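J.: For the protein sequence lines, the chains are D and A, in the order given. Anchor point for the first sequence: position 41 equals 41 in the working numbering, and the numbering is continuous, going up by one each time. Anchor point for the second sequence: position 168 equals 168 in the working numbering, and the numbering is continuous, going up by one each time.
Hint data in this document are derived by calculation from the structure and do not stem from the laboratory. Be aware that a few hints might be false.
One copy or two, either will do: identical chains are not told apart, so a pair holds if it fits within one copy or between any two.
Here are the simulated DSS-like pairs of lysine-lysine, each with C-alpha atoms no more than 30 Å apart in a straight line [what the hints assert, rightly or not]: (1) 91 to 152; (2) 152 to 89; (3) 115 to 231; (4) 221 to 51; (5) 221 to 115; (6) 115 to 91; (7) 115 to 89; (8) 51 to 125; (9) 152 to 51; (10) 152 to 231; (11) 91 to 51; (12) 91 to 231; (13) 125 to 231.
The structure displayed is predicted, hence computed values, not measured ones.
There are 2 protein chains.
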Amino acid sequence: MKEKKSYSLSLANKKDFNNINEWVYQTLRTSIMCGEIRPGVALTIRGLAEKLDVSSMPVREALRRLASESAVDITDSRRVIVPLISPDKFKELYSLRILLETHAAELALPYISEKQVEHLIMLDKEVDASYSDGDIVSGSLANQAFHRYIYKQNPVQVCMPMIESLWLQLGPFARVALSKIEKYYEYDRHQEALEAIQQRDSFALRRAIEADIRDGLSVFKNIDEIYHDLKSSE
Amino acid sequence: MKEKKSYSLSLANKKDFNNINEWVYQTLRTSIMCGEIRPGVALTIRGLAEKLDVSSMPVREALRRLASESAVDITDSRRVIVPLISPDKFKELYSLRILLETHAAELALPYISEKQVEHLIMLDKEVDASYSDGDIVSGSLANQAFHRYIYKQNPVQVCMPMIESLWLQLGPFARVALSKIEKYYEYDRHQEALEAIQQRDSFALRRAIEADIRDGLSVFKNIDEIYHDLKSSE
DNA sequence: GTCAAGAATATGTGATCACAAAAATATTGG
DNA sequence: CCAATATTTTTGTGATCACATATTCTTGAC
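Full structure from sequences and hints, please.
T.: In structure tokens form, the structure reads like this:
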């Protein structure tokens, strides 16, 4: 403990966003998602503002927005931290992923065209490429892109913000957990999903999505000890 | 069209909240939930700030928070409006209510004690009282309180923010739709839910919750025409 | 050495201001 | 009288400031 805040806040994109606001939000969001900010350490508005070279205003708004997405906690004393989620909560987040994502996939299915299937195949290749490079972070981001692209085809968008919130809450913990794993077994559930889409088989699509999510979960055999380690180290 | 903004912004509670921030948020939230703000009209930060007698700062943050809960839309030109949801979206919101609330109820069941069942019975009486008084707004708020009390017993809280978001999105439209209805058929699904809880029958509880939500939906036979009316009047 | 109390510092909150962009209003040309 | 342009007003955004509170550091007593 008592180490310098050393997360890099990967500002890949310049400040040519519409709002600085939005840029700060996206920067912090991906930073949390990729586990660059350790759970438990306090985030200060002024500190982040200085690091990002903006005033405190955009940081305040970004942090509040992240708080209402459950990506960060605001404690009683108004300190902002990335929460360390309990194993129970971790499992519940996965349950909700299955519940919402199978639902979203089924509703999106009628809207997925042949052209879009091709794009999905490309996205899937990026997932495989990242994982075979051993780049877990890009891998899970690419995996999210694959899932997001499916669900987004539904013109009625209600689930997506909720699913994004689930991903965001899982992000930091998943990152820590995955970093302690030697082998990452990759079953190709995406292939099953693509076949289900091409055959317009909504039930098969649900099964493929569920299996894909469960495969992801099955990697975390050690969440309990990891939780214990993280909790005691803070 | 072109009428004065005449919603009352029911400030039942004084500014003895922790933050003015929070007070503004709650005030705007209930105002939207109860349909006091007409869908489509632009909300201005300065206008709300003046009406609530605070600076623009808390209003800005409250509006952004509401935006990330999908309670308001921020248009491309950065104007904030309460969205008018389409009939398709309305139905999807109800689907998600069923999906998430049956799930939440099932998970909460093991944690509901006898004492808490008594409290639920009291909450149910308040629902009945409001509806028999013909007070639809208090009725649906009381109904929410009943459901919320059940789901909140689960110590692992992940669904609740999502469910609250669904209620919030349905609020303004439901209010308009209900105001055009003469008779409101009230089946007592709450009674069924209470019995299921007492018998620890999770499947029966799921059915009761689902039936309760479906009953609520069945009232809106006329959503399509109401949507059309609202859309053309703006 | 340990712990508690007080001083010093850091931090979140709310207010105000300047500026650019968007709406609304006024003006001009047909 | 109407449409297109110009002007004025309104509005959101980002920055800065003052203040109250939380946190941290220091000091002193046991």
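J.: Does the structure break any of the earlier hints, and which numbers would those be?
T.: 3, 4, 5, 8, 9, 11 and 13
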